[in-house]
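K.L.:
Listed here are the chains, written in short residue letters.
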Amino acid sequence: MASTILFFLFAGFAIACAVSMVYHKNPLYSAVSLVGVFVALSCIYVTLAAPFIAVVQILIYAGAIMVLVIFVIMLLNLDEDKPLTRLRYLYAVGGGLGLILLVQTMFIFYAVLRAPKDPVDTSQTAGKSLSIGQAMYTEYLLPVEIVGIMLLMAIIGGVILVRRLEPGQLKLVVDSELDKRHEEEEKDDYRIAF
Amino acid sequence: MESVLKTAFPFVVYTVGILLAFQGVLMIVAYTVLAERKVLGWIQGRIGPNRVGPWGVLQPFADLLKFILKEDLVPDKSTKFIYFLAPLVALTCALLPIVVYPFGPSITTVDWSFLPYGLGDGITRLPLTIAQIDVGVLFVLAITSVGVYGIALAGWSSNSKYSLMGGLRSSAQMISYELAMGASVLGVVMLAGTLDLNGIIYAQITSPFRWFIIPQIIGFVVFLIAAFAETNRVPFDLPEAETELVAGFHTEYSALKFALFFMAEYVNMFTVSVMCVVLFLGGWYVPGLGRIFEPGSIPYAAVSHVAFIGKICAFLFLYIWVRGTLPRFRFDQLMNFGWKFLLPVALGNVILTIVVVYFLNR
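Which chain is which? The protein sequence lines are C and H, in order.
If you read the first sequence in the numbering used here, its first letter stands for residue 1, the second for the next number, and so on.
If you read the second sequence in the numbering used here, its first letter stands for residue 1001, the second for the next number, and so on.
Hints in this document: simulated from the structure, not taken from any laboratory.
Ideal Cβ positions, reconstructed from N, Cα and C, are used throughout, including at glycine.
Certain hints may be false.
Stated by the list, open to error - Computed spacing ranges between beta-carbons, pair by pair:
1) K1340/H x L68/C: 17 to 23 angstroms
2) V159/C x G1288/H: 50 to 56 angstroms
3) P143/C x G1041/H: 54 to 60 angstroms
4) E1244/H x I15/C: 39 to 45 angstroms
5) G12/C x P1010/H: 22 to 28 angstroms
6) L90/C x K1340/H: 43 to 49 angstroms
7) I100/C x T1092/H: 36 to 42 angstroms
8) E139/C x L1352/H: 26 to 32 angstroms
9) I100/C x K1066/H: 55 to 61 angstroms
10) V22/C x K1161/H: 27 to 33 angstroms
Construct the complete structure from the given sequences, taking the supplied hints into account.
P.N.:
Put into structure tokens, the structure is as follows:
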């Protein structure tokens, strides 16, 4: 009973925040609404006896990614009153994507209805950090390693894109090609523009 | 009637517990402010507040009254909703971690059957923690990382250049030092083998060192430095550097909204002190106390609780002491220090701990 009330409370809050995120034209309002969605989802995870997922949801999405998004919005300081150029065909694309999402939701609903009804035992170890860690480093070790290497590649790519070159530094092939193109430009201090 | 009472009883107990914990923390925070002014006065060779009550003990309440009575100004071109939201987010995120603090050991020896209507049936232990979740360390880190929104949004919504610069600085600073902080905690988590705050304390009691500060001295120093940066305290108080930014992100805030930011800063100090004590200094554990009192009894829990608060107060004093001693960093020094020194040292500590734990467990 109490968990049902809590679910509707947090689910309602999540939907309200999601609608507000799409509705607002000011990007900062949208970003703050998205943080609200993440917080509401994490509360739902807590009621589903998955505290680890709930905390990670806040730590990664609300605490790291959205802070960066808000940081960028603050730095760019976008003009609020700029009229939006509406593209007609995007309505069709959005409608199509929405339809696919609706079908998916119906499928999940159907699958849940078909599933055998086991009472949820909150004392079981399913959502605990120990069982998650054991599963990640035994059964799902390969996916974890692949994701780790992909993230490392992304970090190295980001560093290469924004680093400043100084004379006497190790250069990549791309850099010497760019050097030939920009021979007249000042050499000691520039950013590579891709 | 009896069944209603039985259903309502846990809620009543939890509500009382939450009220006690929050009220206690807020009182300690209020007196930290007074202690800061007194100790700073002592360091700087002056008296400090001494007009309101004997030795100024009623000063926090006078300050609160002043904050309530002052005019509440809202800048004309501010973004109103977010301007109101920011101090609420800051204080909420500062107060939320209280629910997982291990204030003391569980009381297990009391027989609760004297309670009327059989309310005490089946209760064998009374934990001195509000919510015992098995990811307590991550919970505290997650909630404090959300606290940066309060400062960033306050800076943006005030529509003032000083506030914006303060907000941007603090976002950059808190994102950078969060990494070093998280990495410095990893060593302790690996030694303890759990993310539960009470579990970490029990792991320290059963370990040969008693306190994790001995095997994790590098982690402790990194954590302490990162904690100063996370709470925006001297020498890392760049977001509110008054010589450059007037007052930083809260330049445009007045009255009770300013008071909320002010309280949030001191509650955050309390939080990182708790984390320091729990992770590195054995939490509520007093060596040798188990021989005097029976573990799980009320006097054992009471002495342990007092020891816990005492250790926290020592850290709060350290904060004030450092504020009276050190000058402020420059912003590029701050960033270089965080990324090029603190983070590599923390990661090195993690790798060292991995190797040691691997060979010990073989």
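K.L.:
Of the numbered hints stated previously, which ones are contradicted by the structure, given in increasing order?
P.N.:
Those not satisfied: there are none.
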